[in-house]
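S.K.: Here is how the chains run, residue by residue.
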Amino acid sequence: MAVCVAVIAKENYPLYIRSVPTENELKFHYMVHTSLDVVDEKISAMGKALVDQRELYLGLLYPTEDYKVYGYVTNSKVKFVMVVDSSNTALRDNEIRSMFRKLHNSYTDVMCNPFYNPGDRIQSRAFDSMVTSMMIQVC
Amino acid sequence: MDAPEEPLPPVIYTMENKPIVTCAGDQNLFTSIYPTLSQQLPREPMEWRRSYGRAPKMIHLESNFVQFKEELLPKEGNKALLTFPFLHIYWTECCDTEVYKATVKDDLTKWQNVLKAHSSVDWLIVVVENDAKKKNKTNILPRTSIVDKIRNDFCNKQSDRCVVLNDPLKDSSRTQESWNAFLTKLRTLLLMSFTKNLGKFEDDMRTLREKRTEPGWSFCEYFMVQEELAFVFEMLQQFEDALVQYDELDALFSQYVVNFGAGDGANWLTFFCQPVKSWNGLTLRKPIDMEKRELIQRQEATLLDLRSYLFARQCTLLLFLQRPWEVAQRALELLHSCVQELKLLEVSVPPGALDCWVFLSCLEVLQRIEGCCDRAQIDSNIAHTVGLWSYATEKLKSLGYLCGLVSEKGPNSEDLNRTVDLLAGLGAERPETANTAQSPYKKLKEALSSVEAFEKHYLDLSHATIEMYTSIGRIRSAKFVGKDLAEFYMKKKSPQKAETYLQGALKNYLAEGWALPITHTRKQLAECQKHLGQIENYLQTSSLLASDHHLTEEERKYFCQEILNFASEQTDSSGHKVVLPMHSFAHLRDLRFTPSNAVVHVGGVLSVEITVCSQMPVPVHMDQIAISVHFSIEKNSYRKTAEWLTKHKTSNGIINFPMETSPFPASQNSLPALELYEMFERSPSDNSLNTTGIICKNVHMLLRRQESSTALDTPSGVALDDGAPVLKCCGVTLEPGANTITFRTQAKEPGTYTLRQLCASAGPVCFVLPHLYPLAQYDVYSQEPQLHVEPLAEKASDASLRVQSSDKVTSISLPAAPAYHMIEFELEVLSLPSAPAAGGEEGSTMLGMTEAQRNPKDTQKADHCMATTDHKVSIECPWSIYSTVIALTFSVPFKTTHAVLSAGTRKYIQVCVQNLSELDFRLSDSDLVDTGDSTDLQLLPLNTKSQQHICSRQSVFFVWELTWTREPPTSLRGRFSMEFRPASEERLSISLKPYTYEFQVENFFTLYTVKAEILPPAGTELCRTGSLCALEVSITRLSGLLEVDRDEALTESDEYFSTKLMYEVVDNSSNWAVCGKSSGVISMPVVAQATHRVHMEVMPLFAGYLPLPDVRLFKYLPHHSAHSSQLDADSWIENDSLSVDKHVDDQLDSSSIKSRGSVHSAASSEHKGLPMPRLQALPPGQVFNSSTGMQILVIPSKDDHVLEVSVT
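Residue numbers (the working numbering), protein chains in the order written: chain A, 1 to 139; chain B, 10001 to 11208.
Careful, some of the hints might be misleading.
Partial chain B-side listing against chain A, Cβ under 10 Å, derived [what the hints assert, rightly or not]: (1) ASP10167; (2) PRO10168; (3) LEU10169; (4) ASP10171; (5) PRO10658.
Taking CB as the label site, the calculated pair distances span [stated by the list, open to error]: (6) B/ASP10421 with A/GLY59: 15 to 25 Å; (7) A/GLY59 with B/ALA10464: 56 to 66 Å; (8) B/ARG10043 with A/GLY59: 36 to 46 Å; (9) A/GLU41 with B/ASP10415: 31 to 41 Å; (10) A/GLY59 with B/MET10058: 43 to 53 Å; (11) A/PRO114 with B/GLU10678: 28 to 38 Å; (12) B/GLU10569 with A/GLY59: 42 to 52 Å; (13) B/ASP10264 with A/GLU95: 16 to 26 Å; (14) A/ARG101 with B/ASP10421: 23 to 33 Å; (15) B/ASN10698 with A/GLU95: 45 to 55 Å; (16) A/LYS102 with B/HIS10621: 32 to 42 Å; (17) B/ASP10421 with A/MET111: 35 to 45 Å.
A few chain B positions that, by computed beta-carbon distances, are all more than 12 Å from chain A [said to hold, decoys possible]: (18) LEU10344; (19) HIS10520; (20) ALA10903; (21) LEU10919.
Keep in mind the hints are simulated off the structure, nothing from the lab.
Only a predicted model underlies this, so the values are computations on that prediction, with no experimental measurement involved.
We put the CB at the ideal spot given by N, CA and C, even for glycine.
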């Protein structure tokens, strides 16, 4: 489904990033990093909205020829970025939203772990397997 | 199909299109009215209520009025809407019934019949009335009659289909009114017609769409139908609705493509799958691209054709709607989706064709938008267009690579062929842009024509894109484009231009801690720096890469080898050093001081052991590893004393350096660590503390602006501490992983040494860790020798000391010892009664007692009754002007008393030793010697035991008999001495000096014996209580005149000496009552065996064995001095009953009595000035009471009830 899933800290360094075709990892890193521009833009545009009305889902950040990059930002400004293959037309906004929600839940679980240091890279196996499930679902 | 379009050839597909309204009847009339009509019709809006719940709209209506012809009416099945006449109007001016009947009615009927034949119900009859005309004719029917007739004849129930227009060309209120009514009617009817006809059309269209699953269904046909609707909406200026039609078509098509991809192919779609042969981009400059439309109509359009046409229409409508930014956004989506769709449909596309198409399209869209917006608008909406710029840049880049325009040598023949093919696919330039200099077509053609032109265009585009991204704050995107540009520059062999972009990108990635991009960019940067010959930077980047775990082992080794090669090549010692930061090369993990408190004395050896984790993939040989040290002299000298340092530095000597938590997040780690120091400010006068605080020594590093912290990788921040003292270690090979290196140093100057920098050098390459944090310090101290006197808890070391001792001064020479060693020794201080002057008093105890310092308990518990001696020991050291004074208190455990015991003339000396302490002692070798000059005295010990035990708080007595041969001695100076030792210790390490006691006894020789005897009353054998008994006292002189007798009491008459004695009988125990005189003075001849007897009467008061009353003897001294007489005044008073039964001295006696009586009479001047005699006790040894201890039996009297007491 997703070809790349990234969790990015408030300070914009990656807490977690994984992509499916591992040989092209670098490309996805660049892509996710570049997408932060749009995330920032959207967040600052959203900044004025009331907190409780704020939509966490940022929608399509930017499309490229081959991929679509979607964004999601938690209330603590942790960003989730998901890269989806453009050819995968089955994925509609709603599916993306629910995937982000799943990701957010799992991330919350990671944060709840008393042994996890907020700001550290995420190494949780549960989180990892959840991401894997989101990636494998593809075909 | 095309028949209806032909009659109205002047371009229909322009904005000039208006709904068609036909005009029949009086053409001249209409011509005269037309100008006003066409002007008035659109003036006021009309509300258009829509079907299907669509929101009502206000609409300004315009119409194209054409002459009515039957051909205009659409035939059955014709779907054309644009040419559809929405309203038919019949104009007449007829006001004459005759005329009406003759011509107009027929004409009207004919017109209506034609309409009916085409089932058109949208018609209107306008009757124009002219007052002027009416006036001319007299036989005029009432105005209404014609209208009524027409209504009767034609509008059976729709009377509103006939309206009257009054004097349309006049300017009167009536005219105005009638115009308004007419126009409203006209508008209403038009709208009704629209609603009805469009509704019908939409229904038909929907029906057609529902048939799309049927085999023969064609998308293109349907497209044409729905577009017709769109055209009408556009015609009605309902662009929103028109756009909806195109969007629906767009979505429908997209869905088909998706379904096709999913295997659900529609036949008609294969049509769009023909290979792409033309890629000339979007055409947005014409409202309608008729060529493409015709292709679609003919079902010959390719996918790109269809998409291009569709988008061009959407673009046109969006621009009408003033939404140019949506055009840009949709364009990007379109381009992406086209590329995807072609892929999905597996359409064969020549390489580069799509790139060309996309590039041209991007530029076309951008130019179209620029064409309809002003500069300010564009600038404020860069966010929308920048995507297209970036996309175009990307595509041009890939075209450049494809056509060999980027390679060093320029395009080869294959590349050229490809270029030609690509250009061929562009076709000829379209006429509408032919005259535009900067048309996308021309740009692309030019860019592909030569290497130089390509470079120019590519750089233009890239710079523009970067600038736009930067201006809207999309820094990351800008950097990313910059990186592409850098790649291009590298290909073009201009690394100096590439470097800035790479550095910029790298800085960005570092700041946000993106590991893979960092690694990748660094790799590019390394290559760039290598080309540029920036040795330092290259080496630094290499070192970073060599330690980068994201690279493969081979790559890391390569970069490591690059450094090593450089280090080994540049051995020509040009003196130039390449300073690189350490962190990429190795990590200092911990540091350990030995000694662990990191305090060492001057000259002492300190070793520093560091653990360095090399991050290189291979072992690296370093020429030298050095730690430079910052030296500071501590002002406060106390702080540097060994004592303070040992007290305050309790660490185990290991300092751990925190592991750099990878490069994430770099932005937080990039700040240098705080260097905090404590600070004390003392007043210069009295050195008291004024202020204290903490200062940060690297504030300038921390508080500078974030931006100015420039490139994180540049070595500018690393300065080599030159000239500072250094700890060195040479020739170390650092294996990958942890390495331990030990530095040794000999401390020289006292002070604090702070380890500042760690520097590992190989050849001219130095890896420097500019700051060690946490602070690692060691202290060197130098200290004057110091002396401490303190009770020892344990046995001191046996250092051999040379001790020279004189009376007052004991000098101890310390043995030679290594510096800063502690020599501990134990001093035993012996308290000697060295100066006899200290004790002038007899019995003063100066004893030689070795009080070992190790028993402080003894002194602590000293009983208050124990005599103590205080001593002060002053210790002076040659290195100090001060002396140490120790107060020592010695307790004397023994208290000694002596006594002279007599037995007749035999004399004994008794010494009593009392143990006051808590300890038991063992006494031995007791001895008493005569220290006087009398030589014939002999002391015979009567003590048998050589060793005696004396328990705590017990006494021991020693007795010696004193014998003499010749004249009895007047005095004896004795010195008692004995050995003692604590009973608890069998053997003593030290020899204790004997305990001595000195005393002196005088006049111990017996001069008189006193013998008392009590005789029962005459006639009785035993004494009885209450009955008087006789007390006989005989005092016998035992020797002749002796030296001791020579005093005032001695009287001499003719060789005959006598002395006066006073006797006294005292019974302290009240056993006896002395009757009569109890005392008296006797004159005793100083002759041997002279005896004086005294008779007295005493009465026993109790029965039993009673001791005899005491008889005391005193020397009776004549008055001599006033002061002495007072001493014994009491005795005089007590002796008021004293009777002197002495023959010699009556006169004296009486006088004494007299004087006694005058003590209280001031008037008796007779004896005034007469001194009183004195009494002096005889020394104990001179009188021997032979009846001491004797007792006499007294029996009780017969009559118990009568006790006779006689008191005198």
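S.K.: Evaluate each hint against the coordinates.
M.R.: Here is how each hint holds up against the structure:
no.	hint	result
1	ASP10167	violated, 61 Å
2	PRO10168	violated, 57 Å
3	LEU10169	violated, 59 Å
4	ASP10171	violated, 57 Å
5	PRO10658	violated, 14 Å
6	B/ASP10421 with A/GLY59: 15 to 25 Å	violated, 40 Å
7	A/GLY59 with B/ALA10464: 56 to 66 Å	violated, 27 Å
8	B/ARG10043 with A/GLY59: 36 to 46 Å	holds, 44 Å
9	A/GLU41 with B/ASP10415: 31 to 41 Å	holds, 40 Å
10	A/GLY59 with B/MET10058: 43 to 53 Å	violated, 34 Å
11	A/PRO114 with B/GLU10678: 28 to 38 Å	holds, 36 Å
12	B/GLU10569 with A/GLY59: 42 to 52 Å	violated, 57 Å
13	B/ASP10264 with A/GLU95: 16 to 26 Å	holds, 20 Å
14	A/ARG101 with B/ASP10421: 23 to 33 Å	violated, 49 Å
15	B/ASN10698 with A/GLU95: 45 to 55 Å	holds, 53 Å
16	A/LYS102 with B/HIS10621: 32 to 42 Å	violated, 54 Å
17	B/ASP10421 with A/MET111: 35 to 45 Å	violated, 57 Å
18	LEU10344	violated, 6 Å
19	HIS10520	violated, 6 Å
20	ALA10903	holds, 102 Å
21	LEU10919	holds, 67 Å
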